[in-house]
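Could you put together the complete structure from these sequences and hints?
Each chain is listed here by its residues.
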Amino acid sequence: MSFLVAAALGVGLFVVIPIAAHLLRRGRVRDRPFPPAALVPAARSVARERATIEDRLLLLLRGLAILCLAVIGATPFVRCSRLSLARSSGASVAFALVLDDSHSMRAKGAEGTHWSRATHAAQELLGSAREGDAIAIVLAGKPARLALAATTDLNAARRTLSELTDSDRSTDLESAIELARSSLAGLSHHDKRVVLLSDLAGGELPEGEPPLWVPLADLTNPLENCAICSAERHGHRVDARVACTSPAAAAGRSLSLTGSKSAAAVPLAVRAGEQDLGLDADPKLDHPELELSGADALASDDHAVVAAESAALGVLVVADVANASAETGGAPVLEQALGALESNAVLHPVALLPDDPSEFRGNALVLLDDPGGITPEARSALVGFLEQGGVAVAFLGPRAEQTPLGATLEPFVHGALHWEGAATSGIDDSSLAWLGPEAASLHDLTLRGRAALGTADLLGASVIATFSDKQPFLTERSVGRGAVFTVALPTSVERSDFPLRPAFLALLDYWVGEASTRRGVTQSSAGSEWLFPSGTTVSIDGPRGPLVARDHAGASGNPQKSFTPVVAGAYTVRIDDRREERVATIDPVEVTTLPRKPPDSAALARSKAGASNVDASPELGFVALALLGL
Amino acid sequence: MSEPTSNPSGRLRRALDWGKLAPLRLHAKSVADGVYAGGHRSRRRGAGIEFGGQRNYVPGDDLRFIDRHALLRHGELLVRQFETETDRTLCLLVDASASMSFRGDGAPAPKYAFAALIAAALTKIAVSSGDRVSLDWFGGERTVELATSGGREAFERVVGALETAEPSSDLQMDLSALERSVARVERRARQGASVVVLSDLIDLPDGALEAISALGVRGKTLVVARVLDPTELDFPFTGPVHLRALEGEARVETDAAAARPQYLAALAAHARVWSERLVARGGSLVETSSANDPVKTVRAVLDALGGRA
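Chain order of the listed sequences is L and R.
Everything in the first sequence is counted per our numbering, starting at 532 for the first residue and increasing by one.
Everything in the second sequence is counted per our numbering, starting at 7 for the first residue and increasing by one.
In short, the hints are calculated from the structure, not lab data.
Ideal Cβ positions, reconstructed from N, Cα and C, are used throughout, including at glycine.
Among these hints, one or two may not hold up.
[Claimed, not checked] Label pairs and their calculated CB-CB ranges:
id, chain 1, residue 1, chain 2, residue 2, range
1, L, Leu-589, R, Asp-240, 25 to 31 Å
2, L, Asp-562, R, Ser-36, 32 to 38 Å
3, R, Ser-36, L, Arg-587, 54 to 60 Å
4, R, Asp-240, L, Leu-592, 32 to 38 Å
5, R, Lys-26, L, Leu-592, 41 to 47 Å
6, R, Asp-111, L, Arg-587, 26 to 32 Å
7, L, Leu-592, R, Arg-148, 54 to 60 Å
8, R, Gly-81, L, Asp-562, 55 to 61 Å
9, R, Pro-29, L, Leu-592, 53 to 59 Å
10, L, Asp-562, R, Pro-29, 29 to 35 Å
11, L, Leu-588, R, Lys-26, 43 to 49 Å
12, R, Pro-29, L, Arg-587, 50 to 56 Å
13, L, Ala-538, R, Asp-111, 43 to 49 Å
[What the hints assert, rightly or not] Covered stretches of chain R (chain L as the covering partner; in silico rule of three or more C-beta atoms under 8 Å from a C-beta of chain L):
id, region
14, 199-209
15, 244-250
16, 253-260
17, 269-277
This is the structure in structure tokens:
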């Protein structure tokens, strides 16, 4: 017990003062000499009783006030702590505020949510900054972002801080800390600090300089929480993924559909971690929602919107089994490669490109291997498919120059195409650098010919990869909301070893991803980007209102629109004249990852950094007592 | 609020605080100078030679002076008055009971000091006019009764007696003491004498009103000057108060704000009773306060006596 605490408790003894005053006040009604007293009417009952009641109430209030103030002074019921930056030699300080805006920071403690405490602490630190101090703000929600590059403009820092909001992102502390350190690296300040305002739930804390300071260590206290991470409808069933921090958090709780009286609640398994639960859903429910019974530290994740059933990505593979298969037999190379991707895509192999638009329904990607021409009907159906956001890839081979009458290679190439003998031995991997390291595998190819795209009418397509002699190897062209890609090589291993190279799988993965992006997903984790072609008109409304679009360069350099849903919930996406519902979900790992205690180095950094934590609550109590005394 | 002089029962007696009215002699002369208008002809009416008007008959009037003509003509009992220059005795009866020692907050002096000042000023005026003066008391200690005398020495004796007396004693239950004092005044005052009673009329025994009002009969002129403290007139207390009378056993605990209207009404009724009874006996009541201008009080007494001495 400190001296201040003992002294504050001792103040409680002052309660005798109002008691003494009360007794004195009672005795104050003493005899007054008054000769004509016989003429004065007695009114003792009224006067005395009123005074007695007033005295007792006054005594009670005064006594309670003193006792309360003594307790306040002795215990930090009212905390007046504030963070501030102390300076070792009065010099300017450069510090990076790493604010964790992940889902776990939305948990509510005794003094508000962790996020509100973190932002409040950041404001306090910012309030102690002086002119000349440099500050950077980094957000640790996944992906880690630099909200404000290091600047000495404190007003800009305050403005940035005031605009920050919490989110349901995952945690990416490691990247955020590295980003914070790199943001301070170029500054000339001698005194640099990285302030981590997080619950430390997720990721390692990388060692390095400047050292970490974790001022809000109490945020790392474990909290009991269960969250509905995601839910998707499958016919009459709803499959949900629930994550709990501990068995205690799951005990006695159940999952149920809101608004459905017939559906029974499914109890949670009493264990920590993820668990998948299934419920019977009423088919008449248009927008079912799930809820968890009971209460925990984070109420917002106890409710979740059920996403609509997402159809698997359909891939229409048009290949000639005879020409496109390996000599060892089996399915065409394309099909085998797609199976190796484990992309959950559903393959629909056909011998001819369908000329019925309905046959494209359910597919997002069309792969044509060595097409011998596309009939007008098939072309019309294909263009319709493309305009709706489909992706078509043509691997041109020798049959490209043998198109029958009435058939063309449009929309890939206009007019006749020549199949020429190989004049080169590989792909210019620098032109294919956007694909990643796999591009190097195409540097040295064994070719027995190629489609002469350089002499063909590419209909305005852009060349995104070339052979080593600068002839087009891969072109891309947008058609409506979709895209067509033209490859100058077929998938037949008899024509080249292109399909045997890792880059072939990488290209297939890229096209599957492109098709998936253009088709859209029904649900994705909060914080992940939703990309749309720049030519489309997109608006998205979410739980916090409309999302703001950002320009984004695609993997191949094409401009795109990017939207980032940061909180879990239902979003309405309007793409041109089409409307769809998407759901942002919570990463289960974010829920199950428990806060960790700050490492000793981070705790010790506080003293090294020279920051101070001022607690003025006892002084406040004494001041209040003095005011009461006055 | 000063405590009254206590009853001497072996304890050391405290001298009366005369307040702003000390020294009495000088103040009395000053007051008298303010009132005195030089040699004059007495306008006191009574038995004499020159007709001085009529007044209503009161029991005790000499039947020889009843105006027969007025009785026969108007059926009213009127007494014929004549101006006289004889028997201009001033009989002072001063209350020196314990209640007269009361001095409230803001009062310049105790009630007794004010009453003594009035008595001394009246003495000075009377002596200056050649009238004789007597002094009697009811209540008090170390009181000296002065027989009727005149001249400058009479004033000195009266002042000395007033300064020597100390207000004390409880008269409330001692009617006989009051009656003895009244009897002495009756013996000194002959027809045409002026009797001035200076008292607060508080805590007097039952029968005091009858006894004192009887001094107004038989051709004497009676004026009772009621001297009260400002505190007694205004009742300025607030909140719960416990009041104790200086004579008798009266104790009262009350809420000042609630009791004030009733007290003031009772005080007014008390004065009204005295006034009515005195008027019925040919006397009059002059109400004054120890905070009042003594000159005005003396003039009021003289006016009540029917003329200046």
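### Query
Hints broken by the structure, by number, lowest first?
none
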